[in-house]
Amino acid sequence: MSWDYFIYIALPSVLCWIAGAYFAYKATGYKKAIAFTVAGLLLFFSFIIGMWMSLERPPMRTMGETRLWYSFFLPIAGLITYVRWRYKWILSFSTLLSFVFICINLLKPEIHNKALMPALQSPWFAPHVIVYMFAYAMLGASAIIAFYLLVSKRKVTIDRSIMSLCDNLVYVGTAFLTIGMLFGALWAKEAWGHYWSWDPKETWAAATWLGYLLYIHFRLYRQANHRTALGLILFSFLLLQICWFGVNYLPSAQGSIHVYN
Amino acid sequence: MVKQLWGYAAVAARWLSGRVAAITALSSLLFFVILLGFGLIGISSWLFVLSFIYFQIVLGLVIFRRLKHFRWKRDTGFMLNHVGLFIALLAAMLGNGDLQRLHMTVTTDFPEWRVTDEKGEMVELPLAIELKSFTIDEYPPKLFLVDNTTGEVLPEKQPQNLLVEDCPLTSRLLDWEIEVTDYLPSAAAMITKDTVLFKAFHSEGATSAVYVKAHNMTDDTRREGWVSCGNFMFQYVALRLDDRVSLIMPDREPKRFASDIIVYAKDKDTREYMLEVNKPMSVAGWKIYQLSYDERMGKWSRTSVFELVRDPWLPTVYLGILMMLAGAVYLFVSAPVKKD
Ligand code: HEM
Numbered sequence: 001m002s003w004d005y006f007i008y009i010a011l012p013s014v015l016c017w018i019a020g021a022y023f024a025y026k027a028t029g030y031k032k033a034i035a036f037t038v039a040g041l042l043l044f045f046s047f048i049i050g051m052w053m054s055l056e057r058p059p060m061r062t063m064g065e066t067r068l069w070y071s072f073f074l075p076i077a078g079l080i081t082y083v084r085w086r087y088k089w090i091l092s093f094s095t096l097l098s099f100v101f102i103c104i105n106l107l108k109p110e111i112h113n114k115a116l117m118p119a120l121q122s123p124w125f126a127p128h129v130i131v132y133m134f135a136y137a138m139l140g141a142s143a144i145i146a147f148y149l150l151v152s153k154r155k156v157t158i159d160r161s162i163m164s165l166c167d168n169l170v171y172v173g174t175a176f177l178t179i180g181m182l183f184g185a186l187w188a189k190e191a192w193g194h195y196w197s198w199d200p201k202e203t204w205a206a207a208t209w210l211g212y213l214l215y216i217h218f219r220l221y222r223q224a225n226h227r228t229a230l231g232l233i234l235f236s237f238l239l240l241q242i243c244w245f246g247v248n249y250l251p252s253a254q255g256s257i258h259v260y261n
Numbered sequence: 001m002v003k004q005l006w007g008y009a010a011v012a013a014r015w016l017s018g019r020v021a022a023i024t025a026l027s028s029l030l031f032f033v034i035l036l037g038f039g040l041i042g043i044s045s046w047l048f049v050l051s052f053i054y055f056q057i058v059l060g061l062v063i064f065r066r067l068k069h070f071r072w073k074r075d076t077g078f079m080l081n082h083v084g085l086f087i088a089l090l091a092a093m094l095g096n097g098d099l100q101r102l103h104m105t106v107t108t109d110f111p112e113w114r115v116t117d118e119k120g121e122m123v124e125l126p127l128a129i130e131l132k133s134f135t136i137d138e139y140p141p142k143l144f145l146v147d148n149t150t151g152e153v154l155p156e157k158q159p160q161n162l163l164v165e166d167c168p169l170t171s172r173l174l175d176w177e178i179e180v181t182d183y184l185p186s187a188a189a190m191i192t193k194d195t196v197l198f199k200a201f202h203s204e205g206a207t208s209a210v211y212v213k214a215h216n217m218t219d220d221t222r223r224e225g226w227v228s229c230g231n232f233m234f235q236y237v238a239l240r241l242d243d244r245v246s247l248i249m250p251d252r253e254p255k256r257f258a259s260d261i262i263v264y265a266k267d268k269d270t271r272e273y274m275l276e277v278n279k280p281m282s283v284a285g286w287k288i289y290q291l292s293y294d295e296r297m298g299k300w301s302r303t304s305v306f307e308l309v310r311d312p313w314l315p316t317v318y319l320g321i322l323m324m325l326a327g328a329v330y331l332f333v334s335a336p337v338k339k340d
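For the protein sequence lines, the chains are H and G, in the order given.
Counted from 1, the first sequence has number 112 at position 112 by my numbering; the numbering is strictly sequential.
Counted from 1, the second sequence has number 72 at position 72 by my numbering; the numbering is strictly sequential.
Excised from the complex, chain G in its bound form (with noise of 0.2 Å):
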């Protein structure tokens, strides 16, 4: 009886770690990856859980059959790829429930130790982060057409911009010779009784201005005016051209957003650090990314927001990833048949 049984697990696992399996599992998985393309299942959707599980255990009897009776010159880039691929997609499913993301909201001058989980909840770290000083920087200013009756940039589909990089500067949107006479990076607005007015102003709640002299190339009409992204202090300032269009500014694109941060960590040196996206930095197994700050603030946040991330499947995913460069390297190299 458990002889027989055997038997039959002998006779599933062969099948099950030969070719035939290997295109069941990749043509099952390649399935519902598009249905999850299309936005039909989730990744939740236990199809789809189904058939990955399915792909792990078909990868994994492949790999076993092949170790056991394993050559090295043979055998070695089979090994880079598929092992790789196993032990990169265990570790990133285990490590997915052993991850944790956390996200920390800190105001300058007052350091945090208290942070929320995915469900909201409030966690204490043995780890607290101080916000010396949070800081954009913008790309310059951009000039763009819109429609007075749509609201939708201009040309449609194709908007052209004008970058404000240097001033005095002159160019041209569709019929409008534009030329930027004058630019205050860090202004405020005087609003008098029927006019609006910026100057200089270097101080919180800045906004941004440029004053334009506009040409209508067609019909020779002249208008000028100020324009300005405004902010949370000062209201966004257009210039109506004609019945059709007027001259906007939309809010300048960040270039980088930094978070200067002092670090205290438990039983570790207090650590200074410049986190800015792309950069992010790792203390007492965590890893600290800037994530985000004050949208409504904008460039005068005083909060930013930091996702914590612990991960101690981390390296083991390295692992399988660095296998399967590695085995990268060796399809191309090793690409198969010559020409007959």
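The following block holds chain H by itself, in its conformation from the complex (with noise of 0.2 Å):
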């Protein structure tokens, strides 16, 4: 399987899972729009198998294989939140969002190639990557919804159910970053030595970690501040943006032993 199949398992992907979006709206729909979104997860997943046979490596390195996995994970955290909550809307939300990850590798798919350097050979790198991508999907979620409240409803209270939404959005996506981030730590140690070495990537993980830890904590000590909390959501999703990509901008972080081409 190769990046050039992509866009036939992507597309019938996509359309189970807007069947399934759309199945969530229906007052007995409920199973039907579970079934769907699984079975557009199975055929996606099986495209990210194939490539995994094909590389003889996990397709975990580059960014086009991270967002690939992003894609997979954004249906399934929106799956677990309908099913456990029964928001209508979510599955929508997440078929939209795991689209534009779609589209942007079929637009610029990236150069994918065999080689996996000895210290990402390791039984942790698979989890590592798979539970971060996880955290990132549920906190994406928590961020388009902060950034939708604080622009729509600028001049009327902000009603508290939703904002219990952000919160168990932020509080299982808190709960993957920080067994990624320990899975880190455990993995580097096996691999170098050491579990933290405030390396520019994992600075920007732990700013990441203590900024949405800051918003849990500020949740429970002011429930009523309800715009100060939603701007700490997307300022920590900016931080998160910041260690996923932006490291390998940033001139402080050349040099970063976490910065793969």
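Treat the hints as calculated values from the structure; they're not laboratory data.
All clues stand as given, with none of them false.
Simulated restraints on C-beta separations:
1) R14(G) - L106(H): 52 to 62 Å
2) E204(G) - L42(H): 46 to 56 Å
3) T170(G) - T62(H): 17 to 27 Å
4) R14(G) - S197(H): 34 to 44 Å
All C-beta atoms in this analysis are idealised placements derived from N, C-alpha and C, irrespective of residue type, glycine included.
Make the complex out of the two chains shown on their own, each in a separate frame, by following the hints.
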């Protein structure tokens, strides 16, 4: 399986997810919504497995490859949220986001090669990246909701139930962020002999994590100040962007051991 | 007087263990971590150290206050997260002081027991390592087009390459159809008066070479010849395709490097081990890591560099990390408020 076939698998997957999103709005569509979303996920996952086999390594090294996982985890995040809290619109939303990332990969595929430096050849590699991508999907969803609320509800008060949705997404996202970070630390210890070295990528990962912790604790302190809390979500998401790909461009991060091509 | 001071301390501790203090601790640490991320301060900057200490004190007091009326069901998740972080940070900090990190360079056939510490000074260890052999497995060679004048790989910013996995092989790079007709993974260059030829050569110092026939699809010109990445014995050889571009083979990327070693430790059995990146070895309280090798000799290096780390606080750090992992699972399951 190569990048050339991506469109033939991605489009049917997106169609399944759209069908799932549609049924989520129907009164009796709960099971169908789940079925279609899962079908799309299985199809999409088959492409990832195909890439994995043809590259003979986990497809997680280049930005394009991490976007692949991101497009995969967004509908999963949506599905979990849907099943757990029954928000009708969440599947449309995760489908749209995932579609955007699929389009980026279609328009700007990046060169893929098999080479994987020895430090990355580790059983920690896959869980580390997968957990992080799942966290990014959750936190990306919370950022879009925060943005929407800040823009559209400028004059009216923001109701508590939508704030608890943000809390839920951030809690789940932060849980996974923590796990991804700790896996990274354990792995670094195996590969380099130290779990944390304040390398630029690690520094921004710490900043991102602190940002979300700040949100969590701010919410405990000031239940009522919704706008500042939402601002914190956006700010933390900005930190996350710097950590994910911003460090590749940051002058202070040249020479980071975690910047690959 | 004493009573009054005690009173102040109690007020301070009360505030420091509260939510406002937690927010100040988190935001000030975040602020300095961001400065760190932009390279504006270093980790030994006193501002950073101070905010870190403040963070740790607040975290400790927050935990302490909860402990006073601890209730299992209510507080387990809280304790896993907060105590776990506290332990991990404290142990990592203390561990930094007690951590020993040494480098040992070993050449085949000569057991080595001397190492250099961070300052480059020699230290003797109760441990000797013999390097039986050092091997590098490499990825297949790659071919790139480069600009003759700038030396940049093409196309700019998005260089394309051709991976010579099997031979014969035909593929395209920009306007050129590239046919690889011969691939010698171990080769030696034979330099005649006006050409360079490659022959199979299976001994120390061998390099890799491919024979390429290139055909320009736009103006129908053809070129052929050997391309090689060279090494410490042989010069690299590029194939000039036209005035603008040449075909080159960069050094082959290592897939795996491994040292077959024998470790002699005092009062311990002698052990043989295949040391690789991501596969360190533990012996007598030390962890031995594959660090590097003689890069000039590349594949034919007869020396290997190991890193020896002694970290007595490691189990404590792991305890903290495990607690935090459990805490994260807890955070996930207990994601707070239901839909109103
Ligand atoms: C692993 C990182 C952390 C996570 C996941 C986390 C999560 C949480 C959660 C979910 C709560 C509310 C739960 C409850 O009240 O039982 C909480 C409370 C709190 N956390 Fe954290 N926290 C972390 C680190 C910190 C740090 C570093 C500080 C202080 C510097 C802190 C200070 C507090 C305080 C003061 C409370 C309120 C306690 C109370 O009201 O009794 N937390 N934290």
